[in-house]
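Chemist: Spelled out from the first residue to the last, the chains are:
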Amino acid sequence: MKFINYMEKISGIDIYGLVSLSLFFTIFVVVLIGVAVADKKKMKKLSNIPLESK
Amino acid sequence: MQVEKFYYDNKIVKAFLYATVVFGIVGMIAGLWVAIEFYYPGATLNLPATTFGRLRPVHTNAIIFAFVGNCIFTGIYYSLQRLCKTRMFSNTLSWIHFWGWQAIIAAAAITLLLGYTSGKEYAELEWPIDIAITVVWVVFGINMFGTIIKRRERHLYVAIWFYIATWVTVAMLHIVNSMEIPVTMWKSYSLYAGVQDALVQWWYGHNAVAFFLTTPVLGLMYYFLPKAANRPIYSYRLSIIHFWALIFIYIWAGPHHLLYTALPDWAQSLGTVFSLMLIFPSWGGMLNGLFTLRGAWDRVREEPVLKFLVVAVTCYGMSTLEGPLLSLKNINAISHFTDWTIAHVHIGGLGWNGFMAFAMLYYLVPKMWNTTLYSKKLATNHFWIATIGIVLYALPLYWAGFTQSIMWKTFTPEGQLKFSFLETVTNIIPMYITRSVGGALYLSGALIMVYNLARTIRQGSFIANEEAEAAPMVRESRPGKEYWHRVLERKPLTMLVLALILVAIGGLVEMIPTFLIKSNIPTIASVKPYTPLELQGRDIYVREGCYLCHSQMIRPFRDEVKRYGEYSKAGEFVYDHPFQWGSKRTGPDLAREGVIRKNGEAWHYNHLYDPRSMSPGSIMPQYVWLFDDDLDTATTPAKIRAMQTLGVPYTRGYDRVANVALVRQEDSITAILKQNKIETPPNKEIVALIAYLERLGTDIELAPRTDSLPPTASVK
Numbered sequence: 006m007k008f009i010n011y012m013e014k015i016s017g018i019d020i021y022g023l024v025s026l027s028l029f030f031t032i033f034v035v036v037l038i039g040v041a042v043a044d045k046k047k048m049k050k051l052s053n054i055p056l057e058s059k
Numbered sequence: 010m011q012v013e014k015f016y017y018d019n020k021i022v023k024a025f026l027y028a029t030v031v032f033g034i035v036g037m038i039a040g041l042w043v044a045i046e047f048y049y050p051g052a053t054l055n056l057p058a059t060t061f062g063r064l065r066p067v068h069t070n071a072i073i074f075a076f077v078g079n080c081i082f083t084g085i086y087y088s089l090q091r092l093c094k095t096r097m098f099s100n101t102l103s104w105i106h107f108w109g110w111q112a113i114i115a116a117a118a119i120t121l122l123l124g125y126t127s128g129k130e131y132a133e134l135e136w137p138i139d140i141a142i143t144v145v146w147v148v149f150g151i152n153m154f155g156t157i158i159k160r161r162e163r164h165l166y167v168a169i170w171f172y173i174a175t176w177v178t179v180a181m182l183h184i185v186n187s188m189e190i191p192v193t194m195w196k197s198y199s200l201y202a203g204v205q206d207a208l209v210q211w212w213y214g215h216n217a218v219a220f221f222l223t224t225p226v227l228g229l230m231y232y233f234l235p236k237a238a239n240r241p242i243y244s245y246r247l248s249i250i251h252f253w254a255l256i257f258i259y260i261w262a263g264p265h266h267l268l269y270t271a272l273p274d275w276a277q278s279l280g281t282v283f284s285l286m287l288i289f290p291s292w293g294g295m296l297n298g299l300f301t302l303r304g305a306w307d308r309v310r311e312e313p314v315l316k317f318l319v320v321a322v323t324c325y326g327m328s329t330l331e332g333p334l335l336s337l338k339n340i341n342a343i344s345h346f347t348d349w350t351i352a353h354v355h356i357g358g359l360g361w362n363g364f365m366a367f368a369m370l371y372y373l374v375p376k377m378w379n380t381t382l383y384s385k386k387l388a389t390n391h392f393w394i395a396t397i398g399i400v401l402y403a404l405p406l407y408w409a410g411f412t413q414s415i416m417w418k419t420f421t422p423e424g425q426l427k428f429s430f431l432e433t434v435t436n437i438i439p440m441y442i443t444r445s446v447g448g449a450l451y452l453s454g455a456l457i458m459v460y461n462l463a464r465t466i467r468q469g470s471f472i473a474n475e476e477a478e479a480a481p482m483v484r485e486s487r488p489g490k491e492y493w494h495r496v497l498e499r500k501p502l503t504m505l506v507l508a509l510i511l512v513a514i515g516g517l518v519e520m521i522p523t524f525l526i527k528s529n530i531p532t533i534a535s536v537k538p539y540t541p542l543e544l545q546g547r548d549i550y551v552r553e554g555c556y557l558c559h560s561q562m563i564r565p566f567r568d569e570v571k572r573y574g575e576y577s578k579a580g581e582f583v584y585d586h587p588f589q590w591g592s593k594r595t596g597p598d599l600a601r602e603g604v605i606r607k608n609g610e611a612w613h614y615n616h617l618y619d620p621r622s623m624s625p626g627s628i629m630p631q632y633v634w635l636f637d638d639d640l641d642t643a644t645t646p647a648k649i650r651a652m653q654t655l656g657v658p659y660t661r662g663y664d665r666v667a668n669v670a671l672v673r674q675e676d677s678i679t680a681i682l683k684q685n686k687i688e689t690p691p692n693k694e695i696v697a698l699i700a701y702l703e704r705l706g707t708d709i710e711l712a713p714r715t716d717s718l719p720p721t722a723s724v725k
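Protein chains in written order, with this note's numbering: chain B, 6 to 59; chain G, 10 to 725.
Extracted from the complex, chain B is given alone in its bound form:
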């Protein structure tokens, strides 16, 4: 249960930062491209969903 000092050091700590940055970058770019190429009619249809019900 003791959560302090399990390890003296962790090697390659920078990998955490790099992995998360590249993950974020990848996801962001994928979403951006995906959104850019999205079908206009479909987008319009989706955005109208709330207005369909009373």
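Derived from the structure by calculation, the hints contain no laboratory data.
It is possible that part of the hints are untrue.
As the list claims (entries may be wrong) - Okay, derived cross-link-like pairs now, PhoX-like style, lysine-lysine, Cα gap no bigger than 20 Å in a straight line: (1) G:Lys500 x B:Lys50; (2) B:Lys47 x G:Lys500; (3) B:Lys49 x G:Lys418; (4) G:Lys500 x G:Lys159; (5) G:Lys338 x G:Lys578; (6) G:Lys418 x G:Lys593; (7) B:Lys50 x G:Lys236.
Claimed, not checked - Estimated spans, in silico, between C-beta atoms of each pair: (8) B:Asp44 x G:Ala305: 21 to 29 Å; (9) B:Lys50 x G:Pro481: 15 to 23 Å; (10) B:Leu37 x G:Phe420: 48 to 56 Å.
What the hints assert, rightly or not - A partial selection of chain G residues facing chain B, derived with a Cβ cut-off under 7 Å: (11) Arg91; (12) Pro235; (13) Tyr245.
Glycine included, each C-beta is placed from N, C-alpha and C at the ideal position.
Given the coordinates of chain B, assemble chain G onto it according to the supplied hints.
Modeler: Showing chain G alone in chain B's frame:
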């Protein structure tokens, strides 16, 4: 295709709606009460329950979990059925959710007033209530996903993604931050200590704002704004980017609450970078909301619902611009621990959450009672009174925060601090008075709304089950390429898992290194566990909510070191379950109180009985009951054992003799008090609290203290 007929459940929406209104008023009254205590200490009535340290958590919990919580559920139960074109999955689960949540609120109000608290802001509730929250949250989740699965609309509208992300993230935050070891029925210790506890707490605290006060309310915005304006959202594409960027980035920003503290530097920088990045998705969302109204601004002039929505979304934008700016270290150095933060959160709370709730209520009541709003004029008056209320609330506090911070940091030409702490407080009392006027205006606006809604309800007739028709969803398999995001939108569980992975990454990257690497929390050999009496005193400190006005974190600034002593080190807090760094300095920092006020037993005794007898003009409440109430020593062995489980190195079997050491220390303190002509029985709570206050910060004094410290096993 055969069209199916079904009924939307409005009754459950009505129940949550009433709860929203009731707890909104209760939370605001509690807020106004604590605001008055800032300039009229007598408003505490000298009762434990109504003292700031206990009433403030009631205010925050009532507003966050009772008012906004019920508001979210109202909106979700209403919109989810309509967006999925189906009734809620289970009436029984709906009602278990409703009554379960209200029972939790009632239990929270009672226990917080009684002083049962885990001592972690916005997560104060004790372990039995934490378990109840988990159960009710799961019930809500099953009901929500059940509804999504039996839907008649193929695509999940963007609002539903926000609901899903909210559900999964809040579950994760609540469980991780509430890890605690029960000691008694209503007392537990956080599993984490010091720096780690602080990191987990603010990872939670910040994301409670993100995933309880923001993402679900954004879901409501994406539904109610198009409905009220009767036009689709400005850009559906932007909403997709808004969603993914927001949930990914938000989770990382927690450490910006801990800048310049003993938290490792790399974690602080990470928090700052992600906070700055947050501006983009947040503003994307705000602009998406505001642009939806382009071409419809003439209607804003006439329609109170739209008025509230416009200001709500604008406040969202202001708040999410200010937040990242406050995360810059140079600005945070001025703003942190001052009323600036309070002003900032109230732009979000009063402006964004409050106005979104009001807009939704004004929209829903006429719809569900099949009538029109009783008086648009009253609603418009409410709008203006509340808007002026926000301005009158926030501006004085910005002023107060900035002024006080600059006063703290002002030196005389001789190099001495120019102002005593008390002078910096009395200087801003007029701001506190103005703030409470703003709050009172906001509350009176809400009362006007209650009247208006009550009259609307009286003139209408409630539609408990609203009839609707829709074709069933056909599970078609279409050949050829399909747009990837639409595939995702049809699969709620995939969405849930993806959202969970995204939010978990941020938490893990920040926490694992802090938890595992020794160099992040350098141990200090002279830091020893608390004595049994100090431990009991510390629990009283937590119970009375002292951390809500006093920090225990000296930042490495010239003025703070001059005023409070050596800056705080990470290694000093390794036995602090929970950490007590605080987030606001209404009173001075106490991290080195035992050093600054060495031999201050008598001073503390008199000061806690009547602060103004020792510090004329002080706004601290009196703690008279501590002088009458006996210290409960029956819990000492259990507390020592719990601490041992958590890794605090008391020697084996110390729990059995702890009370002997406790009595010895009590006697030595009463003897010191007697020398100062103060007679008190040794077994009073005040003695334990004095023991704790006199211990604070003494561990790294140059001359090590050995007297009453407990024997310890060897610390690695």
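Chemist: Would you mind confirming whether the straight-line C-alpha gap from Lys500 (chain G) to Lys159 (chain G) stays at or under 20 Å?
Modeler: Roughly 12 Å between the alpha carbons, so the hint for Lys500 (chain G) and Lys159 (chain G) holds.
Chemist: Given the hint of 15 to 23 Å, is the C-beta distance from Lys50 (chain B) to Pro481 (chain G) inside that range or not?
Modeler: At roughly 18 Å between Cβ atoms, Pro481 (chain G) and Lys50 (chain B) fall inside 15 to 23 Å, so the hint holds.
Chemist: For the pair supplied as a hint, Lys49 (chain B) and Lys418 (chain G), is the alpha-carbon distance within the 20 Å limit?
Modeler: 56 Å, violated
Chemist: Given the hinted pair Lys47 (chain B) and Lys500 (chain G), is their alpha-carbon gap at most 20 Å?
Modeler: The given pair, whose Cα atoms are some 17 Å apart, holds under the 20 Å limit.
Chemist: Is Lys500 (chain G) within 20 Å of Lys50 (chain B), Cα to Cα?
Modeler: Distance ~18 Å between Lys500 (chain G) and Lys50 (chain B) Cα, so the pair holds.
Chemist: State, for the Cβ atoms of Leu37 (chain B) and Phe420 (chain G), whether the hinted interval 48 to 56 Å holds or is violated.
Modeler: Cβ of Leu37 (chain B) to Cβ of Phe420 (chain G): about 50 Å, so the range 48 to 56 Å holds.
Chemist: For the pair supplied as a hint, Lys50 (chain B) and Lys236 (chain G), is the alpha-carbon distance within the 20 Å limit?
Modeler: 15 Å, holds
Chemist: Need the status of pair Lys418 (chain G), Lys593 (chain G): alpha-carbon distance at most 20 Å?
Modeler: Since the Cα atoms of Lys418 (chain G) and Lys593 (chain G) sit roughly 16 Å apart, the hinted pair holds (cutoff 20 Å).
Chemist: Take the C-alpha atoms of Lys338 (chain G) and Lys578 (chain G), compute the straight-line distance between them, and say whether it is at most 20 Å.
Modeler: 19 Å, holds
Chemist: Could you check if Pro235 (chain G) really has its C-beta closer than 7 Å to a C-beta on chain B?
Modeler: 5 Å, holds
Chemist: For the hint on Arg91 (chain G), just tell me whether its beta-carbon gets within less than 7 Å of chain B.
Modeler: 4 Å, holds
Chemist: Kindly confirm whether 21 to 29 Å is satisfied by the beta carbon distance between Asp44 (chain B) and Ala305 (chain G).
Modeler: Since Asp44 (chain B) and Ala305 (chain G) have Cβ atoms about 26 Å apart, the given range 21 to 29 Å holds.
When held up to the earlier numbered hints, the structure conflicts with hint 3 and nothing else.
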